[in-house]
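Q: Here's the letter readout for the chains.
There are 2 protein chains.
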Amino acid sequence: MSTTRADPASLDLMFPQELISLEVSALLPSDLQIRPLASTDYKRGHLDVLSVLSIVNDLGEVAWVNQFHAMRATPRAYFSIVILDKASDKIVGVGTVFIERKFLRGLGSVGHIEDIAVDKSQQGKKLGLRIIQALTHISENSGCYKTILNCSDANIPFYEKCGYVKKENEMAKYAPERVHNAPKL
Amino acid sequence: MSTTRADPASLDLMFPQELISLEVSALLPSDLQIRPLASTDYKRGHLDVLSVLSIVNDLGEVAWVNQFHAMRATPRAYFSIVILDKASDKIVGVGTVFIERKFLRGLGSVGHIEDIAVDKSQQGKKLGLRIIQALTHISENSGCYKTILNCSDANIPFYEKCGYVKKENEMAKYAPERVHNAPKL
Numbered sequence: 001m002s003t004t005r006a007d008p009a010s011l012d013l014m015f016p017q018e019l020i021s022l023e024v025s026a027l028l029p030s031d032l033q034i035r036p037l038a039s040t041d042y043k044r045g046h047l048d049v050l051s052v053l054s055i056v057n058d059l060g061e062v063a064w065v066n067q068f069h070a071m072r073a074t075p076r077a078y079f080s081i082v083i084l085d086k087a088s089d090k091i092v093g094v095g096t097v098f099i100e101r102k103f104l105r106g107l108g109s110v111g112h113i114e115d116i117a118v119d120k121s122q123q124g125k126k127l128g129l130r131i132i133q134a135l136t137h138i139s140e141n142s143g144c145y146k147t148i149l150n151c152s153d154a155n156i157p158f159y160e161k162c163g164y165v166k167k168e169n170e171m172a173k174y175a176p177e178r179v180h181n182a183p184k185l
Numbered sequence: 001m002s003t004t005r006a007d008p009a010s011l012d013l014m015f016p017q018e019l020i021s022l023e024v025s026a027l028l029p030s031d032l033q034i035r036p037l038a039s040t041d042y043k044r045g046h047l048d049v050l051s052v053l054s055i056v057n058d059l060g061e062v063a064w065v066n067q068f069h070a071m072r073a074t075p076r077a078y079f080s081i082v083i084l085d086k087a088s089d090k091i092v093g094v095g096t097v098f099i100e101r102k103f104l105r106g107l108g109s110v111g112h113i114e115d116i117a118v119d120k121s122q123q124g125k126k127l128g129l130r131i132i133q134a135l136t137h138i139s140e141n142s143g144c145y146k147t148i149l150n151c152s153d154a155n156i157p158f159y160e161k162c163g164y165v166k167k168e169n170e171m172a173k174y175a176p177e178r179v180h181n182a183p184k185l
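From first to last, the protein sequence lines are chains A and B.
Note that the first sequence covers residues 1 to 185 in full-length UniProt numbering.
Note that the second sequence covers residues 1 to 185 in full-length UniProt numbering.
Hints are computed from structural coordinates only; laboratory data are not their basis.
Some clues are possibly wrong.
Which copy is meant is left open, so a pair is good if it fits within one copy or across any two.
Dumping the calculated EDC-like pairs for lysine to aspartate or glutamate here, alpha-carbon to alpha-carbon at most 20 Å [to be verified]:
1. K146 <-> D12
2. K146 <-> D58
3. K125 <-> D115
4. K166 <-> E23
5. K146 <-> E177
6. K166 <-> D153
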């Protein structure tokens, strides 16, 4: 095992490491590391972790890397983070906040937290809490006046512990040809 | 009154008029028009309509136009629409859908509907429904596998009539220095 492999300085990151809260980093178990998503994270199991959350429908590494670059090319929009197990160089936690510009609130911005997932082998280590804290830090430090996310009834108490309060209801409409299913390719 | 003033072809639009559903356009009362937001819509009362919804905190036209251009410069992201009263050349309805890229669902996309507002003088004309239909059309035609929005308990029946179903709960955290208030400038 190599410590160089996991060194953020050697990676092509989605955004600067400096945006990750040092306080949150320090609270992680010492065998884990939190950093921005890197262009080579497909190989470290990024989609494997996301698959605990929803349908992944893996299109392969080239398509994944293209999406990474499309997201990074969007100015001040996507901030995906990962928690990495240093020994195995595998991703064990993921999450994203993306920033929406508005005309309201003095041309304000809102951070939307999406797609939080933690590998089942890592439960009980508060990694979900650390991901939410890190993403909220990015959102607030990017000038967002609020940060929002959607969750099930069962997860409300967890997000309340993270400092969130229930506000409204999420309504959804699935596109007709793809109802509750992965896109046909 | 001039019909030229309201002709989308003469305006600098956020996105092409062709993305607006012809079916939805045809369902509007004949004195109204639906089109993409234009760079000159600050003068047509865009923020006045938004002010029925939330704190606007108007920073002036130059700042508004800069935000318009920043949003348009973001590829395949922001789609703001307006309903215009042709006679007065004033905006009477607004709404936005922005598109989020994901790693899930075959590198899928989700449309987020935000900031729907209709002038109080125009109630009872189903303009809210038309705005939702037009934004959902844009979202689904942009390849989003689902479209989501957040609403109060009182508005759930309205969005159900628009084809939406309640899914999860919106949780929110306001940034500490700006809690439930407009940003200090």
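Q: Which of the stated hints cannot be reconciled with the structure, identified by number in ascending sequence?
A: 1 and 4
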